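J.: Chain by chain, the residues run as shown.
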Amino acid sequence: MSGGPVLILGATSGMAREIARTFAAAGHPIQLAARNVGRLADDKADLETRHGIAVTLHEFDAFDLDAHKAFVDGLPALPAIAVCAVGAMGQHEENINDPKAGAQVMRANFEGPASILGHLANAMETRGSGTLVGISSVAGDRGRASNYVYGAAKAGFTAFLSGLRNRLAHKGVHVVTVKPGFVATAMTEGMDLPEKLTAQPVEVANAIRSAVQSQKNVIYVRPIWRLIMLVIRAIPEPIFKKTDI
Amino acid sequence: MTNLSGWGRFPVAECRVIRARTQTDVARALSQGPLIARGNGRAYGDSALNPDLTLDMRGMDRMLSFDAETGVLVAEAGVLLADIIAAFLPRGWFPGVTPGTKFVSLGGAIAADVHGKNHHVDGAFGSFVDWIDLMGPDGRITRVSRDHQPELFGYTLGGMGLTGVILRAQIRLRAVQSGWIVQDSYATRTLEEAIDVFEDHLDWLYSVAWIDCAAQGAHLGRSIAMLGRHATPEDLPEARRSAPFQVKRKRSLTMPIDLPGFALNRYTVHAFNTLYYHLGAWKAGRTLVDWDSYFYPLDAIRDWNRIYGKRGFFQFQCVLPTDSARTGLHQLVQCIAASGQGSFLSVLKRFGAQDSRFSFPQAGYTLALDFPANDRSLALMKTLDRITLDHGGRFYLAKDSRMPSEVFAEADPRTEAFAAMRRETGLDAAFASLQSQRLGL
Ligand SMILES: Cc1cc2nc3c(=O)[nH]c(=O)nc-3n(C[C@H](O)[C@H](O)[C@H](O)COP(=O)(O)OP(=O)(O)OC[C@H]3O[C@@H](n4cnc5c(N)ncnc54)[C@H](O)[C@@H]3O)c2cc1C
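Chain order of the listed sequences is A and B.
All letters in the first sequence, in the order written, are residues 1 to 245 by my numbering.
All letters in the second sequence, in the order written, are residues 1 to 441 by my numbering.
Think of the hints as simulated: they come from the structure by calculation, not from any bench.
Quick caveat: nothing in here was measured; it's all calculated off a predicted structure.
Cβ coordinates follow ideal geometry from the N, Cα and C atoms, glycine included.
Be aware that one or more of the hints could be misleading.
To be verified - Short derived list, chain A residues pointing at chain B, Cβ under 7 Å: (1) D42; (2) A45; (3) D46; (4) T49; (5) R50.
Said to hold, decoys possible - A few chain B residues that face chain A, going by a derived Cβ cut-off under 10 Å, partial list only: (6) V17; (7) D61; (8) R62; (9) M63; (10) L73; (11) V74; (12) F88.
Model the full assembly from the supplied sequences, consistent with the hints where possible.
T.: This is how it looks when you write it as structure tokens:
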């Protein structure tokens, strides 16, 4: 099996590594993009060694909006599939007490990803084909006291993806929104996560690949999350505000 | 804190676990005090447990380079043999040595210097290792090999993570022409006959015997002895020759629950062994077996270690030198059969010569069995310890979770030198496991 190139934005995360492997295993050439691509040399070697596919590295800064168009134009080929795994949780205490820190989180999870996917969308629309994958979060489904800055940014990103999907529906470009739920990565290490609700990065990767293949719109990696978030969203505000969910 | 155990699920210890994704993570962990590296947790006992700090190496699992001419692979320590097979068997390469599960990490295979069914021909895993990048207590990396720091290299093979953290290594794979194994199996009436099969077929690459150690009297030690070699295209049926590496992917079964204690008793074990023996006898002769079923029959049942219930189980594995092997094995098997404690799986292998600083193999025969974790098993193993010692044998640390330090020291004169080396180089202050503490390493 093989296919067009897959671009992974924010390629240094553990989740991104598995996503790249999953597409590489299916024969796709891979474009890895992140800040400080020096850190990706071993990942490039790994993908090439394991799967015998070509890997290119691309310097990418989600915060540098001015450079995004040039980044897209500078890719060796417009990808068939682009996966945006850029994101940052920050420390909630800091996010709510220091507006600057909060803004960084919003930029990393919403502004930056929206900008780069916007450029990619335009290019794919012109070409008339492609798939965009945005990794959002269940945290965006409803704001909660414990992480609403991050949640708000993800909510914005979810809405953006939904609008983009709507706009491109007749242009041959498909948009997938991924809500992973808890994932065992460096970001969540040391947190006490319930095992049944926590996905491994490889599960996220497999879910994304099959969502891309079957043109799903919105996926929760572990299906149980769809139910949980349905319930959480359904709680009336007067009650919700008294809870500690 | 995480509840951790080895594959035998005994002992369980609450451990602080840090997952390393880069070598910087490893260095940072080292600055936080004594630790033990952990691969994929397939050692049976407490080799990879340290309550204060256990360093999970599975996050470092990248393959860094491969030479398609020579089969030389450089990979990080957290890569599993299963990953290596998935990547390279389709290109005609297989691990030079593999244990009975493919879910071991490269670091774990080196640290235990694991053996396969081909020890009598090729030696242990270390024979295929060119160099190891080892991180020492101060976070410095040394590339050890047969030429550079040969002593530290030698001690790291079989050193059970007590000489440093293995970051990456260069290994040589074996060129194979198919994903199939030609297997000849024999049903032997006694243990002695099984040994004869080994001795008569030392030219076969792989050999192993499964022993019915519930059988007594005239049937004592009856076995299914199996020889194997990699199939060439000529060995394959016409239809398979065009795709010699393609084997059918089997669906794996999962052991869904811990079996309750009463499910495992002398009657069920006896019945299982008898059944297995007769099935084996019925199927004796030449067959073509795919690589996965041949090397890793147990991997087909996920979480099979739950068969022994919540309390877990012990493994016992010793090696007896060639000269005393026949009498020693006879005593061991007799003692086990008489105890009625049984074991679902008792495995006998032939080891060839191996001269190493600390790793387990030596020329002779190795016997491995498992027993449910209870007091009767502990008492039985005490007797087995004694028989092993009396026959000049030694014990495998990757399977151990209960040996007293005196027994280990008596079995292995190299123990003192290993412990002294650790003291003199300060390694003992940086690397420790529950096992190393128990055994005074
Ligand atoms: C079903 C089954 C069959 C088996 N069959 C065989 C067999 O036929 N032959 C055989 O020899 N063994 C066999 N074993 C044992 C197994 O091969 C060894 O225990 C092996 O070491 C397990 O590797 P691991 O990655 O799971 O390591 P772990 O169990 O996690 O650790 C084992 C040891 O390796 C050390 N270690 C792991 N990674 C590193 C690292 N990066 N740096 C330094 N030290 C490290 C640990 O500290 C520990 O001492 C079998 C085990 C099972 C479960």
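J.: Would you list, in rising numerical order, the hints stated earlier that this structure does not obey?
T.: Every hint satisfied by this model.
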